[in-house]
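Under the working numbering, the residue at position 51 of the sequence shown is numbered 955, and the numbers go up by one with no gaps.
Do not take every clue at face value.
Computed Cβ-Cβ distance ranges for the label pairs, DEER-style [stated by the list, open to error]:
1) E939 - P965: 17 to 27 Å
2) G987 - E958: 37 to 47 Å
3) D922 - V979: 36 to 46 Å
4) P988 - R954: 20 to 30 Å
5) P971 - P935: 30 to 40 Å
6) L941 - P988: 12 to 22 Å
7) S926 - Q951: 33 to 43 Å
8) A957 - V979: 34 to 44 Å
9) P988 - D921: 20 to 30 Å
10) Q937 - L966: 31 to 41 Å
11) E924 - P970: 32 to 42 Å
No lab work stands behind these hints, which were simulated from the structure alone.
In this text, a Cβ means the ideal position worked out from N, Cα and C, and glycines have one as well.
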Amino acid sequence: MTEPSNLGVQKPRKRTDDTEISEFTMLVRVPGQPEALSVFTDAEVEQANRYAAETGGTVVPLPLAPPNGYVADEVSGVLVPEGPVAADS
């Protein structure tokens, strides 16, 4: 049985501005706590570093590289398998 955590419930901060997703330039990953992931803009670099220090997380620059074997489609930006695609028979 898992022991209850003494950590409080983390809730995402409320954004009051009109930040576009393309403006996020870094994220903070917290090992073992995927729900604690948080994203930041260039203007929020100090907040990102403070959050990482407080949670034991790591600041990761965005955008992330595609996973092995995939590339971003030049037109749509969607991830597609790398290499030639077999034609339908």
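For each hint, the structure was consulted:
| no. | hint | in the structure |
| --- | --- | --- |
| 1 | E939 - P965: 17 to 27 Å | holds (21 Å) |
| 2 | G987 - E958: 37 to 47 Å | holds (43 Å) |
| 3 | D922 - V979: 36 to 46 Å | violated (27 Å) |
| 4 | P988 - R954: 20 to 30 Å | violated (47 Å) |
| 5 | P971 - P935: 30 to 40 Å | violated (19 Å) |
| 6 | L941 - P988: 12 to 22 Å | violated (35 Å) |
| 7 | S926 - Q951: 33 to 43 Å | violated (19 Å) |
| 8 | A957 - V979: 34 to 44 Å | holds (40 Å) |
| 9 | P988 - D921: 20 to 30 Å | violated (44 Å) |
| 10 | Q937 - L966: 31 to 41 Å | violated (19 Å) |
| 11 | E924 - P970: 32 to 42 Å | violated (21 Å) |
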